[in-house]
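K.L.:
Chain by chain, the residues run as shown.
There are 4 protein chains.
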Amino acid sequence: MTIGPGTDPHPLGVAVVGYSFMGKAHSDAWRNVNSFFPTPRVTQKVLVGRDAAQVSSAARHYGWSESATDWRQVLERDDIHIVDVCTPGHLHAEITIAALEAGKHVLVEKPLANTVEEAKHMAAAAQKARERGVHSMVAFNYRRIPALALARKMIQEGRLGEVRQIRASYLQDWLADADAPMTWRLRREAAGSGALGDLASHAADQIQFLSGSAVTSVSGTVNTFVKTRTGPHGPEEVTVDDAAWATLRLASGAVASLEVSRFATGRKNALEIEVFGSVGSVAFNLERLNELRFFDAGAHGESQGFSTILVTDPTHPYLDAWWPAGHMLGWDSTFTNQAADFLSAIGSGNAPSPSFEDGLSVQKVLAAIESSAAQASAAVVL
Amino acid sequence: MTIGPGTDPHPLGVAVVGYSFMGKAHSDAWRNVNSFFPTPRVTQKVLVGRDAAQVSSAARHYGWSESATDWRQVLERDDIHIVDVCTPGHLHAEITIAALEAGKHVLVEKPLANTVEEAKHMAAAAQKARERGVHSMVAFNYRRIPALALARKMIQEGRLGEVRQIRASYLQDWLADADAPMTWRLRREAAGSGALGDLASHAADQIQFLSGSAVTSVSGTVNTFVKTRTGPHGPEEVTVDDAAWATLRLASGAVASLEVSRFATGRKNALEIEVFGSVGSVAFNLERLNELRFFDAGAHGESQGFSTILVTDPTHPYLDAWWPAGHMLGWDSTFTNQAADFLSAIGSGNAPSPSFEDGLSVQKVLAAIESSAAQASAAVVL
Amino acid sequence: MTIGPGTDPHPLGVAVVGYSFMGKAHSDAWRNVNSFFPTPRVTQKVLVGRDAAQVSSAARHYGWSESATDWRQVLERDDIHIVDVCTPGHLHAEITIAALEAGKHVLVEKPLANTVEEAKHMAAAAQKARERGVHSMVAFNYRRIPALALARKMIQEGRLGEVRQIRASYLQDWLADADAPMTWRLRREAAGSGALGDLASHAADQIQFLSGSAVTSVSGTVNTFVKTRTGPHGPEEVTVDDAAWATLRLASGAVASLEVSRFATGRKNALEIEVFGSVGSVAFNLERLNELRFFDAGAHGESQGFSTILVTDPTHPYLDAWWPAGHMLGWDSTFTNQAADFLSAIGSGNAPSPSFEDGLSVQKVLAAIESSAAQASAAVVL
Amino acid sequence: MTIGPGTDPHPLGVAVVGYSFMGKAHSDAWRNVNSFFPTPRVTQKVLVGRDAAQVSSAARHYGWSESATDWRQVLERDDIHIVDVCTPGHLHAEITIAALEAGKHVLVEKPLANTVEEAKHMAAAAQKARERGVHSMVAFNYRRIPALALARKMIQEGRLGEVRQIRASYLQDWLADADAPMTWRLRREAAGSGALGDLASHAADQIQFLSGSAVTSVSGTVNTFVKTRTGPHGPEEVTVDDAAWATLRLASGAVASLEVSRFATGRKNALEIEVFGSVGSVAFNLERLNELRFFDAGAHGESQGFSTILVTDPTHPYLDAWWPAGHMLGWDSTFTNQAADFLSAIGSGNAPSPSFEDGLSVQKVLAAIESSAAQASAAVVL
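Protein chains in written order, with my numbering: chain D, 1 to 382; chain G, 1001 to 1382; chain P, 2001 to 2382; chain L, 3001 to 3382.
There could be a bad hint or two in this list.
Said to hold, decoys possible - Covered stretches of chain G, going by a simulated chain L footprint (3 or more residues, C-beta under 8 angstroms): (1) 1296–1305; (2) 1310–1321.
Claimed, not checked - So the derived list for chain P, only partly shown, Cβ under 7 angstroms to chain D, looks like this: (3) Phe2294; (4) Gly2301; (5) Glu2302; (6) Ser2303; (7) Phe2306; (8) Ser2307; (9) Thr2308; (10) Ile2309.
Simulated from the structure, these hints should not be mistaken for laboratory data.
Yeah, the Cβ is synthetic: ideal placement off N, Cα and C, and Gly gets one too.
Please model the entire structure based on the sequences and the hints provided.
P.N.:
Here you go:
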């Protein structure tokens, strides 16, 4: 019996723009999502990139039927229903807005844009498209970590009581070596910012996602520890932050701290989040992504303590699609879960989440941190 | 530019026999291996199972071009080069031997067989096939966990010195509830054994794999905690072990302990291994599969301690194929790594490892544990 | 206002025999017990040892009023009510029996004796003394770790359900270096045994203490990894075990595993105990002695996991005598707790626990392990 | 042979003022210091408190020869050489200055005082006294945790390279319950501040102690989550902070974050400190006070990871005075170590550390945090 995607008369055609780290991760998601989730079916149509040879090779490896170098041509095709934007941040706005106008559903990597201005235009375009049934979503993939999705569910169900204090940090160490070379990521004009845009965007999104409350004011500090690095053309000034700190007040009355760094020697990919409520708390570390620690102040007195929940049970978010209890998921599963959520929303006609408005709101928090840092940390109201 | 597997003139055609838990995991590996590893290319030809409707649905979801119900017909096809056997254990010998005789490379799930007798026939068939350039491998996928592959590498390089003491346990809890129903897995005639075949096979393989030394004698104990369970036809005797314990002497002079259980309340999938050598030691837990703990007795005195190595660096085994440092792999990645190793061996013409002889040797250890247990734990020499 | 022990008309006079490691630890307990616990008051009368100069110096440092070299003379004094025996094991029986006959309450270090024969005589003497109101106790101080006392309480209250499987190990590494010198501890005639008497005694006592059930049969294995070591007189044969393994069946139907070693590189003082019951389990590690891990199979499904209980709350065993919640206790506190329990029993007239019968029962388990090991691990019934 | 303190012709007489929590902890130190450390000998002369009956009972339990209610009379006695001030903070200045003027060596609990003004007077008095050979020290006892003393030693030896980023938090949860009653600790006039003085004082001291660098500017935020609590006289406003946050710049160029709270549900006594340097880092948690985690960026590439050092080896700070390797110390040991350091300094004639100047410097940091918080977190320069 011959089968295959052909048996589904209308699979959704997908195009991914960008083929490096994020392009590889998103390709993995599109290749696998239908094997795990009962969503609308997709077909991997085309991978788009600037270098014809490289994008062709990437396309062949990552399961795409074709490669292309001109994203505008791809937008004109009728067999493409979804455009997934994995380019550097400064290209997000242009491609995304064009794709939405062409009637394509759009998934765009985080951060939504390099500036608040661009993010506003994108949110406006998304709003218009939504009215025509065209969907958009920003790829804060860590919302799709089962442990963090569980944390949000427990918070929403009231198991922590009133959320009061949040600690979010994202620590890496790839710049700790002062002899590491200059790269475009350390130039403000190219990268927008340093740890702030790259790492604090995830942390700020989680603060708002988990608490369900918006940031209302911010006091921030940024620092560049190594001020000059050597590139191919000799020594050059580093013009972005190496680390950033902020204290955030939320509409609910909660207070959050945020700390991000590329200088935290020994920490490889440590997004850590703690949420303290009136009757419980949770703690998470991306370096142990299948675990959520939970403290229940209402538990039997003598046996109270932080429980390490192995978030691999079929009753946990996303897990019924995967393996039996006790079988760990990897970082890449978050992209598969994300693709599934996006496809389910498209299938049901509901707006997917997080929206471009959510992405814009994170952008505003990051801008406020920079602005506060520029005025000796004096608080900035959003 | 149109691309795809078609650009490789001779991709290897794969058939998987079995479509439940292991069939799903192996399908995942074949679907993804070429996206990560530079091995010979494969194409997912056919998924084989007894129930036509179910196997057809599974094939569609897991990326197969076709499904089939008669594995003998599949063995006759010229476009099938690899047969991957994921059936229950009592069918391994028949399918595997026929496939080898048909000139197919064979990958077979662990344990190799339900009895030593069957395993011996399979090893003999593999030996004959090898002489004709036909390869075979038994799927002890935990050898492909990067942390355990690193442990073996470090042991082989002498970083632990002389290995003396090994502790291996594999603890689960899905039978801890005495009211859990009777299943075929708890009947000796169907399952062969209980925790012994299912869990101790992995533990025994790791003991020999990590130490590089063979088990020479065994003292064993088995126990059935809940002796009767209720099935669809009423109460029924449980005829397999719920848990097993053994002390193993190795040819090198090392001593290993082994403990497996389906009654370890709270432990979901806890394969734990500790290896103590004269100048160092390592410890691993499958519930934290990206970590290896390492103690170096030669380190600076005041700062000695167990290091928690995050085994996600491109310099670690298998990792250069995956993501940047700090990005966790899941349990499913072990099957992808395994497929890559099998394909690389086929491509290079070298015999893949672990061989059927390795699988047979594990089978003998399990049989010796049962035999010792039947004589009040008196040691049995292998 | 002048105060002090003089205000209590009848403090109990204490003599400790032995002034090295255990003598120091027991002195610490007698010096501090009245500062924490509302027990009968004691006064540190005399420290006894063979070397007059050394015992005098030790007495001065550890808070004793006097030192002495002849324990027989001390037994004749009316102002000594308690004799605490901290000598090497081969002297336990003689001193203890004489002290009991002299009407002194006796606390004796574990293991109770070097042989089952001696232990039987001691238990008989304790029985006779008890009839005259003279008390005795064996110093299994780890029963006084709050976390393990809590574990026992929870097990007795049924929070684990039926106890089925126990894992006890005690791992150290001070002999891992093959060049470590010969000592009296490695000679059978002096030390009785190796890791077995020293480490397995604690583990075996905990198995019976926590489960509340007696060992009924034993399969054992022992091993000496380094068979010759060099002492002051040249190379010499090591005549005790370096490590030991056993599988123990209990009267309740539970099965326990036991593993002890002085070759576990990196493990300094790792007494680890896991108890798996039908509805819960606990886990403990002496290297984190203020923590007990607890899994409650009856907890809310999605948030089940091992809780790390910080056993420092005033509601936990022994803790109301110490510091506010969150303030860690040290290893030495177990001796203070032990002295308090002994004094409370004396004060109330109840027999203290663990009794010499308990000590004898541990001795029998150790002897059975050796006996089984001598017959190729064949099980020995107690 | 009769012995005892009498054999030392000139033991130093000690008086402790205050007999509650800190009085109990300091008494424990004076009772035990000579049993462990080869310092000048002390004798526990007098415990001072306002309530005659209570202080008499405490004195009897804690090993003191006498009790007294008038600290001024105690200062006149020739047999008192050391005065140890454990009263509430607002009494520190008066007692301490009088004791120094009376020629007594003074140990005073942290924080040094409730205000910068008082602390300045105390530091001036200490300076004058020092010229006369009279010593003083502020009791930041966490400097005497072996793990933190080791961290400082490693930092001073350059094993972390240049210190860049420090994270210090001190989290407790005893106010998380909004129904917890009003106490004097929540009134500004009595307590000075909330979490700031109580918890941030330790954290700020550690930041300067570990880095060896002074804080130069501060941005701070404080918050009171529960603004009204009910006391014996009905509802009352809480006038101190429940939690505080700060970002601190150090003279060396390093940046530190600080977060303290009494609302961190589940955290009992969690002083956590991380120090990130250019070639290494350390991490500590008071809830596991015998452990220090260390990352060595210069270690063998494939086995890099955070080592968990069990800081119980005789080669570690303070440990040669205590027990063999692997035997845990408790929280109370930090006071014994502190008393030993103070006595050693007195014996050698060197100024003990931390000095009142060190205490004053912490006081200034706390004041700057409050001041910054009062101006919307704008940075305050010290």
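K.L.:
Work down the list of hints and note, for each, if the structure agrees.
P.N.:
Hints versus structure:
no.	hint	verdict
1	1296–1305	holds (count 7)
2	1310–1321	holds (count 4)
3	Phe2294	holds (5 angstroms)
4	Gly2301	holds (6 angstroms)
5	Glu2302	holds (5 angstroms)
6	Ser2303	holds (5 angstroms)
7	Phe2306	holds (5 angstroms)
8	Ser2307	holds (4 angstroms)
9	Thr2308	holds (5 angstroms)
10	Ile2309	holds (4 angstroms)
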